[in-house]
Structure formats: C-alpha cells, structure tokens
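Protein chains in written order, with our numbering: chain A, 1452 to 1721; chain B, 45 to 299.
What the hints contain is simulated information worked out from the structure, not anything from laboratory work.
Possibly wrong hints are sitting among the right ones.
[Claimed, not checked] Pairwise CB distance ranges (calculated):
| hint | chain 1 | residue 1 | chain 2 | residue 2 | range |
| --- | --- | --- | --- | --- | --- |
| 1 | B | Arg94 | A | Ala1666 | 22 to 28 Å |
| 2 | B | Glu105 | A | Ala1699 | 51 to 57 Å |
| 3 | B | His114 | A | Asn1514 | 19 to 25 Å |
[Stated by the list, open to error] Where chain A lies over chain B, by a calculated footprint (3+ residues, C-beta under 8 Å):
| hint | segment |
| --- | --- |
| 4 | 73 to 82 |
| 5 | 98 to 105 |
| 6 | 134 to 145 |
| 7 | 195 to 203 |
| 8 | 235 to 247 |
| 9 | 279 to 285 |
[What the hints assert, rightly or not] Chain B is faced by these chain A residues, among others (derived, beta-carbon under 8 Å):
| hint | residue |
| --- | --- |
| 10 | His1468 |
| 11 | Gly1501 |
| 12 | Phe1559 |
| 13 | Leu1568 |
| 14 | Trp1571 |
| 15 | Ala1586 |
| 16 | Val1657 |
| 17 | Thr1659 |
| 18 | Tyr1665 |
| 19 | Gly1669 |
Note that the Cβ used here is the ideal one computed from N, Cα and C, for glycine as well.
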Amino acid sequence: MERQIDLRHPWPVRLWHWMTALAVGVLLFTGLLLFDIHPRLYWGDDGHEGMPAFFSISAPDLNRPVLQTDLQVGRHHFDMTGRLGLAIDTGFGDKDFLVFPPPADWDFGATRGWHFLCAWILVLGAFAYGLYLLAGGRLRRTLWPARTELTFASLGRELSLHLRLRRARGEAARRYNLLQKVTYLVVIFGLIPLLIVSGLTMSNSVTTAFPDLYALFGGRQSARSIHFIAAMLLLVFIVVHVFQVFVAGFFNLMRSMITGRFAVEREEAP
Amino acid sequence: MSRLINRRGLIVGGAAAAGTLIAGCARVDRQWPAPALLDAADAFTRGAQRLLLGQRPLARELSLTDVSAHFPLSGTFMPAADSYKRLLEDDFAGWHLRVHGLVERPLELSLAELRALPSRTQITLHQCDEGWSAVAQWTGVPLARVLGLAGVQKRARYVVFHCLDQLELDGNYYYESLDLLDAAHPQTLLAYGMNGKPLPVQHGAPLRLRVELQIGYKNAKYVDRIEVVDSLGSIGKGRGGWWEDFDHAIWYAGL
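Please model the entire structure based on the sequences and the hints provided.
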C-alpha cells in the first residue's frame, strides 16, 4: 500500500486550533466554577435565590452532615442525597452550596479575570480565523458541503461509516466528510458566536452600548442560561472530537494538527 | 457581590472534597506571567468598552412593575463596629459624608444636605458576579454633582469609596474605586433610597454607591468617605478594592 503525505493544515489553522483549544479549556473550567457558585438557571431578566428556576441543584439545609441535594429540571426532581454538592463557609458567618469543589485555595474573584482573558483570545482568534476562512476561499474548499454530498444516499453512507467507527480511506480521507463539515460549520459559525454574544449580554457595559441584546435573548438571565447550555454543547463537541481523533488515528491526526503533515494511504488500483 | 471561595472557606471545602480538580495546575494562576496577563486583559476590556461607550449612553432603566419582590443580600448585612450602631440609633443624624483628597474644597455633607441636592431615581438590574440578578429602584445624588461641589483637581484620576463595614475575613474596612469617567456617569449615584424608602441597613445605609456600568461588588455599601486620588497604589494593597486586593477580582468590572 502506497502512502502519500499531504500538507493538510496550513499554519494559521494549526495556530488557531491550539490557541482556541487552550482558551476554551480555561473558559469551560472557569465557566463551571462560575456556575458552581450559583447552580440555577432562570429565564427573563432577574433571577436569584427564591425565584423559580428551570434548572437547579440545591440543598435545603447546609448544616446537615449529609446534604439532601435536589436536582431539579423543570417540574422533575431527582434526589441526589449524599451524591452531589458540598457546603462551604463563606467567611460571612453563613454557608454556601457548591455542586463540586473548586481547586484548593482558589480565588473566586480571579475566576472572571481568567474567563475574560481567555474570552478575548477566543473572540480575537475566532474573528481572525473567520476572516481567513472566508477571504482565501478556504471555507468553500474545505468546509462547505459539495452538492454531490447532499444526497440521502451519501448521508446514509456517512452515517453508516461513523456508526461502525470506520476510518475513511484513500481519496475520501483527504477531505472532510459531510458530518465533519456540518459539525465544524455549526461550531465555528453557530456555537462560538452564540457563546460570545450571550456572554456579552451579561455585561453591564456592553448592554449599555447595545441594549437590544436583552431583547435578542429575552433578558439577562435568559442569556446566562443560553450561554451555559451552549457551553455544554461545546463540551459535547469536544468530547466527541477527541474520541474521534483516537478512532481515526491518533498519531496521524495529531501530527497533522501540529506539523501539518497528514498521511493518506492510497487505495490499490481495482 | 462576590463570595469567598478561598482561604478559610476553601480549606474546609477543599479538605472535604474527594480529589480536587486540577490540583496540580492550581498554582499556575499566581506565577508570572499570569497576574500580568490578567491585568492586561482587564485593561484591554476597559479600553474596548471605552470605545463602545464613547457616546456615554445610559444603562437600561426598567419600570416599577419590574422591581424584584425580594432583593438578595450580599457582602455585609450589618456592620459590626460600635460606632456604626451608634450612628444607626441616631438615625444617622450625626453622620457626615466626607469628600477629601485631590479636591479644591473638602466637604462634609450630612444626610439631610445630600437629600437636599438634586436627585436622580432609576430602576436598574443589579448583577452579581455569582450569577444572580435583581431589579430595584434607587434614589440618590449623582456622584458627579458631589464631585462638582468639591472641585476635582487636575491631577485626580480615581475616586475611592471608604466604607463603614469590616470584612470578617481580614477585619479591613470595605473599599472600592472607580475611574473618573465611570464616577462622572449620570447614572452613578450615591444612593440613600431604595424602592421608594430610605436605604435599609442590610443594603448599605446610610449611603451606597450605584454604578450601573459595572458589576455587583463595585457598588460599595455603607459609603462613609470619598477620597479623590491620582493613583490607587496607596489604597489597600494597590489593586483598587477589597475584593480586588483580597480575592484577585478584576478592577474594571464592566464585563
């Protein structure tokens, strides 16, 4: 079997990928810490303890040795007694409920600083990468589905390959398949912009400059809830993405994203 | 306002925790270049938002029907000092707001004198960095008015608010600061009224700061003294506020 080395990812793609991977890692981690301190999701503008939440994790009595944790989703309640949550001393003479423990000696105050530092990296990187994709025609060449791909037969074939965890071979391995294309397009042009804009809708200053953001999301708390849900979808994407790297050839794919070089095994002539 | 998940609190929480998340990386956050990067990002945010807010727009104001039935308490609910209790017994009759530092005319204004100044009433959304938010109506004198009376000197850059409440964690009095632009914003108030009534003790009586362009912890409660300075270096540990100094919170909290 013959092997051919493609220069798959030009350096801007590789730089953007790893820069964004690092930023998103810190964003997800600090974002979860921010959720942790108030694990409740609301709809509308105001939302706080005592108001109805459509999702919440809480414990009625923080002085009990074993917390009676309640996981609420809409009208459903799940008893998580002893399995979820902890009570910490706030330093103001009362206790606070957390879902999971932050790192030892973590400064909660710094959490937002880290979140915004990495948000800037994500925002500026996504903007530059978006321009790069559009300007050079790369979007059309690598990510935009070809007309021939948009048939039920082709979609069925892709799904079948994916479900059986089959690697693409030969010419097919040199291009992104339809499911990859659609996923990357949704993440780059849907999920990431949604995360950025819903995040900015939580900012006092940004909403002062652009008050319509409140109307766009249905309120400040709605924006926070959408931000959180979108972040969880991004986490799902990352888990599947990493899993697929292992399925499709860890060494080859990691090399292609680090050095750009991607090996394609040529099919034998029939 | 912020909640402490550190020091005392977390030593307890952390010990109870079965295996701390990324324990190995936790200390990266205080080594070079982390603090410099965080400060740079905060300064970048401030610059970007100054661009957006160039026309000095007002933060959204809501209507009376939007006011939250319950407004959560945060930070101090009742200052512990005896001197505060004496002021409270006297209904703050003996209390004066001091304005000093880089001003032409240092001031001492009683609550009655503050109430006699032109006031502003606004219904706004308060956002805590913990994630919750609530709506209240605030009445007070625009900070710009008080600074105008005192006359800000040319060298002045920041306005520092010294408060009457001590934080249990280190016993220091609460303090916060704004730059002159946010201090001069028309919606930045020294509020003495909340929801049509005198400001309750748990929300910062006799006087609290309302700064609608920034997040919860900037809205200092129990304001006692306003100091105009050219640098934040000599205030606390130099980062401009109690949470900023003690908990590494960001100073420009417009995001």
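Count the residues of the segment 195 to 203 of chain B whose CB lies closer than 8 Å to any CB of chain A, then report whether that count reaches three. Coverage by chain A is violated for the segment 195 to 203 of chain B (0 residues, Cβ < 8 Å).
Is the listed coverage of the segment 279 to 285 of chain B by chain A valid when you require three or more residues with a beta carbon under 8 Å from a beta carbon of that chain? With 0 residues in contact (Cβ-Cβ under 8 Å with chain A), the coverage given for the segment 279 to 285 of chain B is violated.
Quick check on a hinted range of 51 to 57 Å for B:Glu105 and A:Ala1699, using CB atoms only. 54 Å, holds
Double-check A:Leu1568 for me: the hint is only fine if its C-beta lies closer than 8 Å to a C-beta in chain B. Given a least distance of 4 Å, the restraint on A:Leu1568 holds.
Just tell me: holds or violated, for the beta carbon distance of B:His114 and A:Asn1514 against 19 to 25 Å? Hint holds: Cβ distance 22 Å, inside 19 to 25 Å.
Identify whether the interface hint at A:Phe1559 stands, where standing means a beta carbon of chain B within less than 8 Å of its own. 4 Å, holds
Cut-off 8 Å, beta-carbon criterion: hint that A:Trp1571 touches chain B: 6 Å, holds
Status of the A:Gly1669 interface restraint (C-beta, 8 Å, chain B): 13 Å, violated
Do three or more residues from the segment 235 to 247 of chain B put their C-beta atoms closer than 8 Å to C-beta atoms of chain A? With 0 residues in contact (Cβ-Cβ under 8 Å with chain A), the coverage given for the segment 235 to 247 of chain B is violated.
Holds or violated: is the Cβ of A:Tyr1665 closer than 8 Å to a Cβ in chain B? With a closest approach of 7 Å, the A:Tyr1665 hint holds.
How about A:Thr1659: closest beta carbon in chain B under 8 Å, or not? 4 Å, holds
Tell me if the interface restraint on A:Gly1501 is satisfied: Cβ within less than 8 Å of some Cβ in chain B. 5 Å, holds
Going through the hint list in order, the structure does not satisfy hints 6, 7, 8, 9, 10, 15 and 19.
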